Amino acid sequence: MAVGKEIRNQIKSIQNTQKITRAMEMVAASKMRKAQDRMRSSRPYAGKMKNVIGHLAHAHPEYKHPYLLDRDARKIAYIVVSSDRGLCGGLNSNMFRTMLRDMKAWRDKGAQITLTVIGQKAAGFFKRIGANIVSQQTHLGDTPHAHDLIGAIKVVLDAYNSGELDRVYLVFNEFVNTMTQKPCIDQLLPIRAEALEVSMKHHWDYLYEPEAKDVLDVLMERYIESLVYQGVVENIACEQAARMVAMKAASDNAGDLIGQLKLVYNKARQAAITQEISEIVGGAAAV
Amino acid sequence: MAMTVHVDIVSAEEEIFSGPAAMVFAPAAMGEVGILPRHTPLLTQLKPGEVRVVTPGGEEQFYYVSGGMLEVQPHCVTVLADTALRAKDIDEAAALEAKQRAEEALKDRKGDIDYAKAQSELAEAVAKLQTIQRLRKQAR
Chain A
1 MAVGKEIRNQ IKSIQNTQKI TRAMEMVAAS KMRKAQDRMR SSRPYAGKMK
51 NVIGHLAHAH PEYKHPYLLD RDARKIAYIV VSSDRGLCGG LNSNMFRTML
101 RDMKAWRDKG AQITLTVIGQ KAAGFFKRIG ANIVSQQTHL GDTPHAHDLI
151 GAIKVVLDAY NSGELDRVYL VFNEFVNTMT QKPCIDQLLP IRAEALEVSM
201 KHHWDYLYEP EAKDVLDVLM ERYIESLVYQ GVVENIACEQ AARMVAMKAA
251 SDNAGDLIGQ LKLVYNKARQ AAITQEISEI VGGAAAV
Chain B
1 MAMTVHVDIV SAEEEIFSGP AAMVFAPAAM GEVGILPRHT PLLTQLKPGE
51 VRVVTPGGEE QFYYVSGGML EVQPHCVTVL ADTALRAKDI DEAAALEAKQ
101 RAEEALKDRK GDIDYAKAQS ELAEAVAKLQ TIQRLRKQAR
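One line per chain: the protein sequences are A and B, in this order.
For the first sequence, position 283 (counting from the first letter as 1) is numbered 283 according to the working numbering, and the numbering increases by one without interruption.
For the second sequence, position 106 (counting from the first letter as 1) is numbered 106 according to the working numbering, and the numbering increases by one without interruption.
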């Protein structure tokens, strides 16, 4: 029967799409779990480091590290963490929108803005709008390594050390839960003093090997790196969660579409049969 | 029970070891150090090498670290391990690479715009096709 061949084809093609989106949903779900584990396992490092720096800053009130000093914010840098791939709902575009608003506010105040981008999506987006990108790092994959980020971060830290930058922000998606990801703009440099609260207030100090200053310098650098790494890991967890939700919605929509098309198809088939019967009956009556 | 000190070995990517120890050896920047419980507070850089943890049972456990920091307090020892070998020139090279990537990507801007253009043209063509299909269906 020739009825509704187009509709049948369309149903089949939607079913194929649905298979793909459903597979992607399941892949994203399992990757999300792993990414969450990674997010959790990277936390102790930053926490411990924060403690040590807190102690140090407390024990050495006379030595102020440049990372702790607030400067007049005239030159701003953003480190933008995005995903490499799309099909994850509005995750990246929401973040870019939040960030553009923030950038505009700074630009109105007369600040110069440079960008360090991590991830293909941010690289593409900010290139298109013609932002000033100084360094970039893409294709980190699902299991990023801290040492892949060193280069991009060092560019920013060097610029900060030489006074070419006054403030550095980290932009990434915060993993609230599976359904919610929040774009987040954190101040990396100068390090906010309230972030380094120490519990022990009585005075004591470390023995240093070699000099206190050298040790502190290295610590600060590692601390910033660990913060950026954490942002990247968190963003990956967000990406997978967002992809899972988006693909679930796509599969559901495909199901709805298939249902509607099937209804139309069956109606057409029934109408064709009825017509054929009435033609036969009519023909028989005429004889 | 013998005196013990709590040891944490963490890297940016994972927690490597956490538990009590009778003694810890670490490759500090100015020579290997051995740390017993109630050591005075100490903060030092680590060289690449192995951290040895002697458990309260007298067993020795080895962990390789490629550098990092060692923080000692009377009742806890924290090793903040680096995840990779770090040296000034290697970092420098990585930084240069990151810069170059950005520059190359900027030079390649035309290619990207062509891609975006092609994408929008494709979307337009698909939309046209869909309209034609719909019209055909109505005409039938």
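Any given hint could turn out to be false.
With a straight-line cut-off of 25 Å between C-alpha atoms, the simulated SDA-like cross-links for lysine to any residue are [stated by the list, open to error]:
| # | chain 1 | residue 1 | chain 2 | residue 2 |
| --- | --- | --- | --- | --- |
| 1 | B | Lys107 | A | His139 |
| 2 | A | Lys48 | B | Ser66 |
| 3 | A | Lys213 | A | Gly259 |
| 4 | B | Lys99 | A | Ile11 |
| 5 | A | Lys75 | B | His39 |
| 6 | A | Lys19 | B | Gln130 |
| 7 | B | Lys137 | A | Lys248 |
| 8 | A | Lys31 | B | Glu59 |
| 9 | B | Lys128 | A | Glu6 |
| 10 | B | Lys47 | A | Ala212 |
| 11 | A | Lys5 | B | Ala105 |
| 12 | A | Lys5 | B | Ile132 |
| 13 | A | Lys127 | B | Lys128 |
| 14 | A | Lys248 | A | Gly259 |
| 15 | A | Lys50 | B | Pro20 |
| 16 | B | Lys137 | A | Tyr265 |
| 17 | A | Lys50 | B | Asp91 |
| 18 | A | Lys50 | B | Gln45 |
| 19 | A | Lys5 | B | Gln61 |
| 20 | B | Lys128 | A | Glu164 |
| 21 | A | Lys127 | B | Gln119 |
| 22 | A | Lys12 | B | Ala125 |
| 23 | A | Lys48 | B | Gln61 |
| 24 | A | Lys34 | B | Lys137 |
So the derived list for chain B, only partly shown, Cβ under 10 Å to chain A, looks like this [as the list claims (entries may be wrong)]:
| # | residue |
| --- | --- |
| 25 | Glu14 |
| 26 | Val33 |
| 27 | Val72 |
| 28 | His75 |
| 29 | Asp82 |
| 30 | Thr83 |
| 31 | Ala94 |
| 32 | Gln100 |
| 33 | Ala105 |
| 34 | Glu121 |
What the simulated footprint calls covered on chain A by chain B, stretch by stretch (three residues with Cβ under 8 Å from a Cβ of chain B suffice, anywhere in the stretch; the number is not a length) [said to hold, decoys possible]:
| # | segment |
| --- | --- |
| 35 | 13-22 |
| 36 | 43-53 |
| 37 | 103-109 |
| 38 | 125-137 |
| 39 | 150-161 |
Everything labelled a hint here was simulated from the structure, so no lab data went into it.
Just so we're clear, the structure is a prediction, and the values are computed from it rather than from any experiment.
Every residue, glycine too, gets a C-beta built ideally from N, C-alpha and C.
Results of checking the hints against the structure:
At roughly 19 Å between alpha-carbon atoms, Lys107/B and His139/A fall within 25 Å of each other, so this suggested pair holds. Between Lys48/A and Ser66/B, the direct Cα distance comes to roughly 18 Å. Compliance with the 25 Å bound is thereby established for this hinted pair. With a CA separation close to 69 Å, the supplied pair Lys213/A and Gly259/A exceeds the 25 Å bound. For a cut-off of 25 Å, the pair hint linking Lys99/B to Ile11/A is broken: about 49 Å separates their Cα positions.
Annotation: proposed proximity of Lys75/A to His39/B is violated, straight-line Cα distance about 45 Å (limit 25 Å). A C-alpha spacing of about 23 Å is found between Lys19/A and Gln130/B, which places the hinted pair at or below 25 Å, so the restraint holds. Annotation: proposed proximity of Lys137/B to Lys248/A is violated, straight-line Cα distance about 31 Å (limit 25 Å). Simply put, Lys31/A and Glu59/B have alpha-carbon atoms about 37 Å apart, too far for the 25 Å limit, and the pair is violated.
A C-alpha spacing of about 18 Å is found between Lys128/B and Glu6/A, which places the hinted pair at or below 25 Å, so the restraint holds. For the proposed pair Lys47/B and Ala212/A, the alpha carbon gap of about 17 Å is at most 25 Å, so the pair holds. The straight-line distance between the Cα atoms of Lys5/A and Ala105/B is roughly 47 Å, outside the 25 Å bound, and the hint therefore fails. This hinted pair checks out: Lys5/A and Ile132/B have alpha carbons roughly 17 Å apart, not beyond 25 Å.
Taken as a hint, the Lys127/A and Lys128/B pair is broken in the structure, with Cα atoms around 30 Å apart against an allowance of 25 Å. Between Lys248/A and Gly259/A the CA atoms are separated by roughly 17 Å; this keeps the pair inside 25 Å, and the hint holds. A distance of roughly 22 Å separates the Cα atoms of Lys50/A and Pro20/B; the hinted pair therefore holds under the 25 Å criterion. Using a Cα cut-off of 25 Å, the hinted pair Lys137/B and Tyr265/A holds, with the two alpha carbons roughly 14 Å apart.
For a cut-off of 25 Å, the pair hint linking Lys50/A to Asp91/B stands: about 23 Å separates their Cα positions. Between Lys50/A and Gln45/B, the direct Cα distance comes to roughly 16 Å. Compliance with the 25 Å bound is thereby established for this hinted pair. Of the supplied pair hints, the one linking Lys5/A and Gln61/B is violated, its CA atoms being roughly 70 Å apart against a limit of 25 Å. Proposed proximity of Lys128/B and Glu164/A is contradicted: the alpha carbons are some 51 Å apart, above 25 Å.
Taking the CA atoms of Lys127/A and Gln119/B, the gap is about 17 Å. The hint holds against a cut of 25 Å. Pair hint Lys12/A plus Ala125/B holds up; C-alpha atoms about 22 Å apart against a cutoff of 25 Å. Pair hint Lys48/A plus Gln61/B holds up; C-alpha atoms about 22 Å apart against a cutoff of 25 Å. Restraint check: the Cα-Cα separation between Lys34/A and Lys137/B comes to about 48 Å, which exceeds 25 Å; the hinted pair is violated.
Against a cut-off of 10 Å between C-beta atoms, the interface hint on Glu14/B holds, since the closest Cβ of chain A lies about 4 Å away. The closest approach between the C-beta of Val33/B and any C-beta of chain A is roughly 8 Å, which is under the 10 Å cut-off, so the hint is satisfied. Evaluation of the Val72/B hint against chain A yields a held restraint, the C-beta minimum of about 8 Å falling below 10 Å. Violation of the interface hint for His75/B is found here, the shortest Cβ-Cβ separation to chain A being roughly 12 Å, above the 10 Å cut-off.
Annotation: Asp82/B was flagged as interfacial toward chain A, and the flag holds, the nearest CB pair being 8 Å apart, inside 10 Å. Taking 10 Å as the C-beta contact cut-off toward chain A, the hint placing Thr83/B at the interface holds, the least distance being around 5 Å. About 3 Å separates the beta-carbon of Ala94/B from the nearest beta-carbon of chain A, less than 10 Å, and the hint is met. For Gln100/B, the shortest C-beta to C-beta distance to chain A is roughly 9 Å, which falls under 10 Å, so the interface hint holds.
Taking 10 Å as the C-beta contact cut-off toward chain A, the hint placing Ala105/B at the interface holds, the least distance being around 6 Å. Look at Glu121/B: its Cβ only gets to about 16 Å from chain A, farther than 10 Å, so that hint breaks. For the segment 13-22 of chain A, the stated coverage by chain B is not satisfied: 0 residues place a CB nearer than 8 Å to a CB of that chain, which falls below the threshold of 3. Beta-carbon proximity to chain B at under 8 Å applies to 6 residues in the segment 43-53 of chain A; the threshold of 3 is reached and the given coverage holds.
Coverage of the segment 103-109 of chain A by chain B is violated [criterion: at least 3 residues with CB-CB distance below 8 Å; count 0]. Residue count for the segment 125-137 of chain A with a Cβ under 8 Å from a Cβ of chain B: 7. That meets the three needed, and the coverage hint holds. Here the segment 150-161 of chain A counts 6 residues with a CB under 8 Å from a CB of chain B, which clears the bar of 3, and the coverage holds.
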